[in-house]
Every structure is written in C-alpha cells, then in structure tokens.
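Number of protein chains: 2
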Amino acid sequence: MYNALVRYCTRLQGKKILIVDSALKNLYGAPLAAKLNAALLATPNGEKGKQTADALLDALFRLDADRDTTLLALGGGTTTDLVAFVASIYMRGIAHILLPTTLLAIVDAAIGGKTGIDLPIGKNLLGTLHPPIAIFADLATLHTLPEDEWFNGLAEILKLGLIADAPLWQRASDNPKEPALIRRAIQGKIDIIARDPTEQGVRRILNFGHTIGHALEAATHYSLPHGRAVALGCLAECDLSRRLGYLSDNTFAAIYDVYRRFALHWPRVDLHPALRHDKKKAAGEVRFVCIDAIGHALPFEGAYCRPVPAPLLQETLDWMEGAF
Amino acid sequence: MYNALVRYCTRLQGKKILIVDSALKNLYGAPLAAKLNAALLATPNGEKGKQTADALLDALFRLDADRDTTLLALGGGTTTDLVAFVASIYMRGIAHILLPTTLLAIVDAAIGGKTGIDLPIGKNLLGTLHPPIAIFADLATLHTLPEDEWFNGLAEILKLGLIADAPLWQRASDNPKEPALIRRAIQGKIDIIARDPTEQGVRRILNFGHTIGHALEAATHYSLPHGRAVALGCLAECDLSRRLGYLSDNTFAAIYDVYRRFALHWPRVDLHPALRHDKKKAAGEVRFVCIDAIGHALPFEGAYCRPVPAPLLQETLDWMEGAF
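Those sequence lines, one after another, are chains A and B.
Its first residue numbered 69, the first sequence is counted upward by one per residue in this note's numbering.
Its first residue numbered 69, the second sequence is counted upward by one per residue in this note's numbering.
Bound-form chain A, shown alone (with noise of 0.2 Å):
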C-alpha cells in the first residue's frame, strides 16, 4: 500500500513524522512508518480537541521537529484536520501530507486545505488555511470502513451533487457505492475550490446544508454522525430554499424521497445555541446557501451565502422535526 506516496517520499529532505489516529496505529501506521523511515505518533481515536493538538506540539517539540520537517496524518477527517492545523501554527507553519483513510476524508475533509480543531461550543472554531504539498488517498483502507462511515462521505458526495453536479446527484440517488462516484467527487470539489481558494465567493457553496448540519451536531454533543447531520441539513436547506421561493415543490419532493431511503431521525435538541456561533455568521444574522434546482446553488451578492428571516428558519426546523 501507499506505494506512490512512498517514492514521493524518497524525494523529501528532513525529518518525517508519521501522525495516525491510535485505531490505525497497527494496521497501517506502524508499517507505513517503516517503510518511510518516520518517526511514529498516534492521537487518540478520532479526537482533535485543543489538548489533543496540544499534546501533539509537545510531542513535535520533543522530537526536534524543525522547518525542514514534514508531517503525514493518516487517518479520517479529524486526523488531517488536527495534523494540518498543527502544522500551519508549529514555526509558522511546516509542510505536511495528507493520507486520508475514510470515505468523507478522502471526498471532503482533506481537500481544500482547510484545518480546524473542535471546541465543546462548536467545531473548527480554531483553524486556518494551510493547504498540504500532497495527499495520497489508498482506497485499500475503504475496504473495512463501517456502514456509518460510509454514509459520512456519501452525504458529502450527494451535498456536491445538489450545489453543482445533477448528474452525479443522481448517480449517488441510485447506486451509492458505485466506486466510480470518489474520483468524480474529488475531482468536483477542487474544480470549486480552484475557482476561490480562499473562499471569499463561490466556494462558500461547499457549506450548504452545514450551518443547520453543524448545528445538529454541536447541540447533540457530537453523537449525531456527521453524515447524519449534513443530510439532514442538506434537506433542511433544501426545504429553506423551497420556502424562499427558490425551489419548486416538486423539485423539493424528489430529493426528500431520496434522503428518507437512508433512516435518518431529527433530533428534538435547541439548535439556536450553535447557529449562533456559526461561522457564516454576519452582521448578526445567520446566513445560508441556497439552491433553485438540483446541481445549482444560487448566487447572492457574489457572496453566495444570505441571510433568512428568523421565523422562516424555524418554519423549516418545525418541518424537519415532523419530517423524520
């Protein structure tokens, strides 16, 4: 495995660092780092708090990790999300590589170059932008993703599809695991993400569905999966969309009956706590993408985010709760 990643790595001067997440650490970490000559750090399951990124600097530190230094994150999307906001801040900022191991990490989370550590108020309320020299994705490490895993990158795969991509929509509507979708997705995302990289206009659009999505998750502490979120605030935005006017009904009911085939349940928690500490938030107001038909999100003022009335908003999350 990684083969390619191993003759790029031949090509590196200075010291090399393997990060994994600790549930990794056997399978893949300890051979990969092996195979690389890297030093070898695990993070816990999953975990991408200030203590965890915290505890990693030191542990940069006491390896002597200089600027000549290259960090590799193996693991899902809190795993290169923590690796690369430690790497933008450790000296002001070293390389690293991504080696995304999940569905979502590989279509989303590790393309972009956004980084991010989660606070109890909310996620990526810490970060920067500080894109890698290379990702490396091994779809070998799909093979044993769990099914919930699996539906965190589909419901970014079926997000990509609503804001700008009908046809894969549809593709993901009526074959989810047609392998085929990855490349498709990744490819989709750095095509928005060329166009804006520091997300001053058009690429706001890869947030839809994630200020109601985030939200979701924040108020359930993070047990509501993140592929369950973004789904459900996918929908919730859709359903926005429909009642400012910009959807049809009939457009409305197609993507409904897509999202209802995958058993999701709206939470009964406040959400008005976390859309408070949004970040899209502006001039005091919430504020969300929009789209008028499948595969198009709806310009605003080149910003492509707007703000919604209040009750409008919680016409919608009334809605959700009787919806699921």
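Treat the hints as calculated values from the structure; they're not laboratory data.
Bear in mind the structure is a predicted one, so any value in this text is a computation, not a measurement.
There may be inaccurate statements among the hints.
You can't tell identical chains apart in this list, so a pair holds if it fits in one copy or across any two.
Below 27 Å or equal to it, Euclidean Cα-Cα: the simulated DSS-like pairs (lysine-lysine) are [said to hold, decoys possible]:
no.: 1; residue 1: K84; residue 2: K245
no.: 2; residue 1: K103; residue 2: K84
no.: 3; residue 1: K93; residue 2: K103
no.: 4; residue 1: K103; residue 2: K118
no.: 5; residue 1: K83; residue 2: K245
no.: 6; residue 1: K93; residue 2: K83
no.: 7; residue 1: K83; residue 2: K118
Go by the hints and put chain B onto chain A.
Chain B in isolation, oriented as in the chain A frame:
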C-alpha cells in the same frame, strides 16, 4: 490621540474588540475603546504564552466575535504578536489592526505579518503569517517609554543598519535618539519584506543577530531584555562573519566600538539547548545570516542563511564571554 485610527474605523463593519496590555488599560485602553465603540479586553502585562492566548480565545467566544469582527491590539510587540496570532487562528482568520506603543513594536515587531506566542523552551515557536489590515503608531506613546524599552527598539534599528542601510547605522550610532530614525527604520523593514513577504529568501536577513539573541533570551529565561539580547547577538554574529573571513577586522572593531557604549553584559549561560531549537535550523545545523560590510548582508544560495561549523561558533561564544 489616534485620530487617524478613529476615522479609519468608521469604515469598518462588524464588531470591534480592543485588546490592550493591562499596564496601558486605564491610560490609553479605556478612552480609545470608548472613542471606537469597541469592547475592551486586557492581557496580563506583556504575557504571550499559550495560557494567555487560550484565555483571549475564550473571551472572544464569550463576546460572540464572528468573521466580521476586527481585533485591535494596543501595546508592545508581545501584545501585537499575541493578538495577531489569535486573529489568525480564530475561525480560520479574522481581521486585526495593530497599534504598537513601544519603539520595538513600531520599528520591528508590528511590521511584516509575523505572529507568535512563546513557549518555555523558545520564543515564537507557535506562530503564523497573518498581516494586519492596518497599523497605526501614535508616537505620543513613546514619551513615557522606559530606557530599557527604548533600547529594545534601538537594537533593531542598529541591526537594520548593519544588514541593509549603512547611513542608518551611522546616524543611529552618532545620535541614537534622533526621531527621524523611526520613519527610516520602518521604511527599511517594509522594503525588505516587500521583496520577500513569505521569507523564502532575502527577508531572512532580518534574523541577523537573532539566532544568538533568541538563544540568550531563552537561556536566561527571558530575564535579559530583547534589545540587549539582540545587540549582543548582532555583535556575536558580526564576530562570526569575521571568523568566516567575510568581515574585515577594522570594520568589526568599529562595530564593537559602538556596541561597547551601551553597557552590555554577556550572561554566563549555556546557549546550546536553545540553539538546537532555533527555527532557522535545517538538516540538523544551526544557520546564521552573515554580513561582509556595514549595510550589507551576504547572500548564500538564495537563502541568506548559512550553516556554521560548531567549533567556530564556540570560538565566537568564548570571545563574547571575554568581551563583556
């Protein structure tokens, strides 16, 4: 005071949060916050460790700071570095304005977008590059500056003279308190950074004197003021330049003569642990900027930082110990 700042801020949308060194809270902080209609936070006196950064981040969340918020940092370099670092990682980067109040911060720390916080084993080991949207210096704040603080700034002005501006060196040697030095030093630093904003090449010459200077600070647990450390570091690195054969004995003697005027004292401490953690280290070797004349730093493979053999470095450290 700060009239230009007040006019500038009327153009800003979103919340403003003024973060001030607690020593300046009553004198400058409270009146300025009132004029700007800004929330006011104070950081412990000149502290910029991780705990201070964490406390500041917590305070920003409590104040509901969002992506439209602008942070303003009023104080010396520790305050401006700290606030800029926090701005760079809060929600992947928010805007900040620097209001340096010390000579060091005005001519050096606030310019160039470097941010950082200190760890017990070294300065600025965590940091980012995140330029402010504006810098305002009101020279009235310098009227009450203690002598040690003034020397902190002078040491950087002398350094800039040594690496890039022989007339500045001469004027600062002859009349260290000449007010016009300030503007010339600011412009000189800006000129270098404009040629290399991300420090891939020529910007590195600004590190002259700081390899040994930072090691002196770390080894004395920061009891040695920055200006004294940098002045001693500059002279030591001039001595290194001489031992490497780049700087003539006569020129070195003239430089030594200037630094001798300032009652410097070389602390008897072991610098090697701190030098091992220097950020410019590469391939295991500590690297130094060298000069070959007053006003001219020596290029080296486009990088301006050259490795120095350990025995030669030791000769310099021994010589410095005898010289002060």
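Hints violated by the structure (listed by number, smallest first): Hints 1, 4 and 5 contradicted; others consistent.
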